[in-house]
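Chain by chain, the residues:
Protein chains: 2
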Amino acid sequence: MLGYQKVLAHLRRNKREHLKLLQRLVAQPSISAQNEGVRECAELLVNIMEGLGIPAQTYETEGHPVVYGEIGEGDFTVLFYGHYDVQPPEPLEAWDSPPFKPTVRKGRLYGRGTGDNKGQLLSHLLAVHSYLQVLGEIPIKIKFVFEGEEESGSPYLADFVSEHKELLQADLAYTSDGPLHESGAPAVYYGVRGMLGLEISLETASWDNHSGNKGGVIPNAAWELVKILSSMKDENGRVRVAGFYEQVREPSTKDLELIENLEYHPWQIAKNFGVKKIEMEKEDFYRRLTLEPTMSINGLTSGYQGKGTKTIIPARASAKLDCRLVADQDPEMVFAAIKHHVEKMNPDAEVVMQGYMHPSRTDPALPVSEKILKAAQTASGKKPVALPAMGGSLPDYVWTKILGVPSIIVPYANADEANHAPNENLDLECFYQGIEISARAMYELSKK
Amino acid sequence: MLGYQKVLAHLRRNKREHLKLLQRLVAQPSISAQNEGVRECAELLVNIMEGLGIPAQTYETEGHPVVYGEIGEGDFTVLFYGHYDVQPPEPLEAWDSPPFKPTVRKGRLYGRGTGDNKGQLLSHLLAVHSYLQVLGEIPIKIKFVFEGEEESGSPYLADFVSEHKELLQADLAYTSDGPLHESGAPAVYYGVRGMLGLEISLETASWDNHSGNKGGVIPNAAWELVKILSSMKDENGRVRVAGFYEQVREPSTKDLELIENLEYHPWQIAKNFGVKKIEMEKEDFYRRLTLEPTMSINGLTSGYQGKGTKTIIPARASAKLDCRLVADQDPEMVFAAIKHHVEKMNPDAEVVMQGYMHPSRTDPALPVSEKILKAAQTASGKKPVALPAMGGSLPDYVWTKILGVPSIIVPYANADEANHAPNENLDLECFYQGIEISARAMYELSKK
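Residue numbers (our numbering), protein chains in the order written: chain A, 48 to 495; chain B, 48 to 495.
The following block holds chain A by itself, in its conformation from the complex (with noise of 0.2 Å):
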């Protein structure tokens, strides 16, 4: 425990150098998107990390490449995994200060990548600075990981882990992305859900035909995209699709008791969410976000969407949507279930996949989850908002079923981080208190 004090009394001692650093990491373009400075921020976050005493390297991907780290020795090996490249950050007239020189204002840091996810991953390489620089050596085996594509939905992360496997052995995989819960106490995550995308579009005619010439005798293809649609879910929004949920995985007890202690304030998450009100008892509500899955459609498009009227039968129509899946649904079933059923009601509709995420769940009974969690109420002096699973979805199969390791996400960026927006920011002291945490969680996980 002396130790960890002496740690914790450098890392708060050096607030400032953490900061520069930072800036210095965001200040490197690295758009996977658009192929911009990605090479180069690897490049750049190699030498970060050996100048903090940590050996790294880049490994290459047929995409961008990934930066590999690790130190320590110890009979427990956590594997960090974050993200160095960033959203676009289109558009730029939207932005109070260049989205590529970070800019401190009102105890924020204003970037692109400042909180999703180069401060975040920075954090962890501070923590083990500070016991090296501290006590000369860190107290469990620690292993980085650092894609250059999560933005760009982590193509080859699979197949990095996959040809990887005992360079990656670990017995925790951890990962800080995304916001602290919104009341300010830090969330820890046992899993994600997953991700489907797909179109179904629908030719009815060769071309767009008036609706007064023609009106009555042929398809319109606007009403035939709804009447499939429409066949997808019943009245109360459930999926109708054949074999949707038969892979849902049953909640586990442990899950619905971390449900049962979480606090639940139905009108300000209306309001967070910009809706008129959410009507829904505590339990649906947090299965429904966590354990259940979706059938969101995310686009619409037929016809005339200009001014005013244009009297036309469409002759094309597509939906876009995407499913956020839960263990233990495969994405290529649900898919099959889908396209099936979309033919099924019109043999003209085409349905094509736009990729997909396996969901990820780890046991929150766990051990080693408790010692997470104690790191994070320690760092934080909060109570952690523990959920069996982040509505959203993140690579986080890659460790739970590819390795084969369990995995918890602990976020550490502010709940407005405006991640994917202009003006992205991190509060500086959610980003000190996110050492704090991965510091304490180094310490935790030393312990027997």
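Just to be clear, a hint being listed does not mean it is correct.
Remember, identical chains collapse to one label, so a pair may be satisfied in a single copy or spanning two.
The calculated EDC-like cross-link candidates involving lysine to aspartate or glutamate, where the alpha carbons are at most 16 Å apart (straight line), are [stated by the list, open to error]:
1. K323 with E250
2. K324 with D395
3. K324 with E250
4. K188 with E117
Rather than coming from a laboratory, the hints here were simulated on the basis of the structure.
Assemble chain B onto chain A, guided by the hints.
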């Protein structure tokens, strides 16, 4: 008959001059929607009419002027309706010759407004001119009403007719607009369907939410819209809005007789409409196209419409619809029924009217109808295709409902005139044939 034969000979001798005059009229842009050249075109048209020996003048309306002329004496008065305004010519780059530089290629005159409607309204004027040249008089009384904003929905025509009922009093309204039957035979219509345009829109949240972080617990505007729309039709495409069909007039024996007499080649129709097949029986096909109302989606918009996926829960969704209405449906009553239905389905939905036009019907058993059919058949050498109504809409109700006179529609343009599209054209044989039909109709109508 001798007099008419001389008129016919005169018409046939003067084709070159007729074409020149049409070119002059088409060369003057008159785009009502863009307010370009409309007044200049009205003045040019008055000028042309005076040059042909027909006293004419403009009448101001709240919109673009009406060109009015009258000539002749007799027991029977026919009112010819047409419009001198044209559709916008965009996209300009798709034209093979400039839209307002009328050009003859392979027996057709290309230019915006050639068929819709300048060539057709000019046919009546040129027929009168030949009577005047050959006989010094015409055998009936003729009135001309050429409006300047048909392509903008004829917003002030009803007012003009209401305010000038005495001036316009006639025994028959006669409109040449639209194309001949696909077979090349003349078409004769005893009415039109009306039109009601509306938009349904929904806002379920103040912003688009993340489909992972919020998915499952808040409404999705696209799904809510699909739910509303799917409630509006049954699985056979029949409208389920209470009251929608209430005012629909039962077809008369004569209506059904007209349909019974039509030829029907569903495979040919399918090809012309760009659809795979048409599987209805003849009566069903023509009843649906002319005697039954439609409810058509002409535009659907929600969420993300670019490439790939954007994992959002759309906050907004909208559908544009148009209904083709038949006698005796009242557009305002139909709109109220739809609005009531939608708001019952979802009290947050907004339903906005985008304008309407009343349906119109004339009794096909009317004695004068035989004279028009005879004129069309004699001048074209082909048996006219007579239909109870057009599938499309024209402001025909101003004659049948406001002025209270029967109205017959006899289009003169080729079926592939490409009106409202680039490379609009008028087949010169159709143009010359139209002049002969008008001349013959004047002759037939003059007979007791």
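Hint check results:
1. K323 with E250: between (37 Å within a copy, 11 Å between copies)
2. K324 with D395: between (39 Å within a copy, 13 Å between copies)
3. K324 with E250: between (38 Å within a copy, 13 Å between copies)
4. K188 with E117: within (8 Å within a copy, 101 Å between copies)
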